Amino acid sequence: MDNGWMIEVENLTKRYPGRVAVAGVSFTVARGEIVGLLGRNGAGKSTIMRVLSGFMPATTGTVRVAGYDVFHQADEVRRCIGYMPENNPLLRDMRVREYLKFRASLKGLRRAVARERIDLVLQQCGLMDVQKRIIGHLSKGYQQRVGLADALVHQPQLIILDEPTIGLDPNQIRAVRQLIKDLGGQHTVLISTHILPEVEMMCNRVLILHEGEILAHDTPDNLQQIMSQGGQVIAEIVAPQDELHACWESMAEVEQFDLSAAEGEYVRCALTARPGVDLRPQVYALACERGWKLRELSRSRYSLEDIFVRVTRTDGEET
Amino acid sequence: MRAYLTLVRRELSSFFISWTGYIIIAGVVFLIGFSFASLLRGLNAEATPVPVTQLFYETLYFWLVLLIVAPLITMRSFAMEKATGTYETLMTTPVGDAQVVLAKFTGALVFYLILWLPLVACIWIVRLYSNDPSAFEPGSVATTYLGIFLLGCLYMSLGIFASALTRSQIISAMVTFAMGIALFMVSFLGKSVGAQTSWQSRVVGYFGLMEHMRDFAHGIIDSRPVVMSLSLTAFFLFLTWKSVESRRWR
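Protein chains in written order, with the working numbering: chain A, 1 to 319; chain B, 1001 to 1250.
FYI, nobody ran anything at the bench for these hints, they're computed from the structure.
Worth double-checking, as some hints may not be accurate.
[Said to hold, decoys possible] Here are the computed distance ranges between Cβ atoms for each label pair:
#1 B:V1227 - A:R92: 38 to 44 Å
#2 A:R110 - B:W1124: 39 to 45 Å
#3 A:R111 - B:A1234: 28 to 34 Å
#4 B:G1027 - A:S26: 52 to 58 Å
#5 A:G67 - B:M1001: 25 to 31 Å
#6 B:S1231 - A:G4: 49 to 55 Å
#7 B:M1001 - A:R92: 51 to 57 Å
#8 B:L1113 - A:R110: 29 to 35 Å
#9 B:L1113 - A:G4: 50 to 56 Å
#10 B:I1017 - A:Q155: 24 to 30 Å
#11 A:Q157 - B:W1124: 57 to 63 Å
#12 A:D75 - B:I1171: 28 to 34 Å
#13 A:G185 - B:A1026: 51 to 57 Å
#14 B:V1120 - A:F71: 47 to 53 Å
Computed from a predicted model, the values in this text were never measured in an experiment.
Quick reminder that beta carbons are idealized off the backbone N, C-alpha and C, glycines included.
Put together the whole structure using the sequences plus the hints.
Spelled out as structure tokens, the structure:
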């Protein structure tokens, strides 16, 4: 049963009345990975997570978590999963420690074990100082950490977090991200978000979802590399404009160029290379050869954000 | 089992953490006290051979408490969890659906029974100040409480079922109230159905809550009402269980 995959999703489809939320999605997640599900609102992220957590079944397709079938072995699956749903619902009238005790007991932890685990997660999530406070009176950042602590308390193999940083201020976001990053290695983490830098910072792998389908599936770096091929090179050079003009025109690798005056005597050249070509060494060599002064030489990499927009937009235009 | 007890404790404490529980208790104490006062006035005017317990329940306050309090107690159980989203965190823990339903029911029932404790005090006061020790017969008090318990089971299960159907507490309360009133009205129907022997009147007779309660207050335990309320309770709990489970077949 156990073949090293933490999550195996095969042809998962989920239909709601009158709407297909997820259409034939397949992917796998290895143990110890941090994987980000990226997509616009309504792309099917939460639906996939709900199916994974065993809250609702798939319409068709099989989903396995740690080798257990999510539908037929729901209890085993629930024991392996720490799940924090969207908007982090908590029993707001309880105190932090009391809530974690309650949750630990529901998850079947024995009292002594629970006490130990609660102390640990309180520390891990930085909740030691507020453990006696009522959850509803805490700031949103703290509440989010309580949700995380709840997801962690029974030492699950897989942690599923649905938009864990939504509605937090930048400092709180940073803290929560660091926490999630620290979880990698010992736990497998699946997070969903529509905030791109988050994925870039935390995840080993990204799944880009759009209208219920997976559009791209790779590491953030690879995605950037692939998508940035044919990116623009910017060079600021001191040279007569017509000379530059002739030079770029004669270069076979340059598909397109644009010259504009920068401050001082510099000319700003925006060069678009043919796919798969890095122009920078050639530009440098050329400048050395002709004795031009070169001030800037950079390739604009697409951020994940551009990639996301490009991927989801192309799809939109096709349909 | 441990998860069940944890859930029951949580259900109960949620009544006492928020104001709702205290407001309900205050309302019920007021109603019971009111019926007690009017009862004493009646007893002062003339002696009666009817047991005190029956007098208590025969004032309409008793039914008022049952009909109004049942929706108030049960409306939170599932509807609130659905509305706040905690339903999702609850249902993704390794706790069975049936356990959750039973725990919600037990919590509501225990709270309901706590509500009726002041009645004991009232009856005790009557006994203390009346010269007649037969005013307080432990047997008939016990059967009265059995009746209160059985009716509570029935109405709590009904309310829990209504609550499991919706995410709005108000709708849940209204559905419970409507179904509760309908069930209660059946006993009035009995009078208009006609001949005592017709099958209609026998069917209606099985559901005549007022008649059942009168028996209990007299100290009579008839098996029919016991079976009726317990089986209806089981039926509603079963429906609740299935409706909770239904998210897995939709």
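Verification of the supplied hints:
no.	hint	result
1	B:V1227 - A:R92: 38 to 44 Å	holds (42 Å)
2	A:R110 - B:W1124: 39 to 45 Å	holds (44 Å)
3	A:R111 - B:A1234: 28 to 34 Å	holds (33 Å)
4	B:G1027 - A:S26: 52 to 58 Å	holds (57 Å)
5	A:G67 - B:M1001: 25 to 31 Å	holds (28 Å)
6	B:S1231 - A:G4: 49 to 55 Å	holds (52 Å)
7	B:M1001 - A:R92: 51 to 57 Å	violated (27 Å)
8	B:L1113 - A:R110: 29 to 35 Å	holds (31 Å)
9	B:L1113 - A:G4: 50 to 56 Å	holds (54 Å)
10	B:I1017 - A:Q155: 24 to 30 Å	holds (29 Å)
11	A:Q157 - B:W1124: 57 to 63 Å	holds (58 Å)
12	A:D75 - B:I1171: 28 to 34 Å	holds (32 Å)
13	A:G185 - B:A1026: 51 to 57 Å	holds (55 Å)
14	B:V1120 - A:F71: 47 to 53 Å	holds (50 Å)
Checked against the numbered hints above, the structure violates only hint 7.
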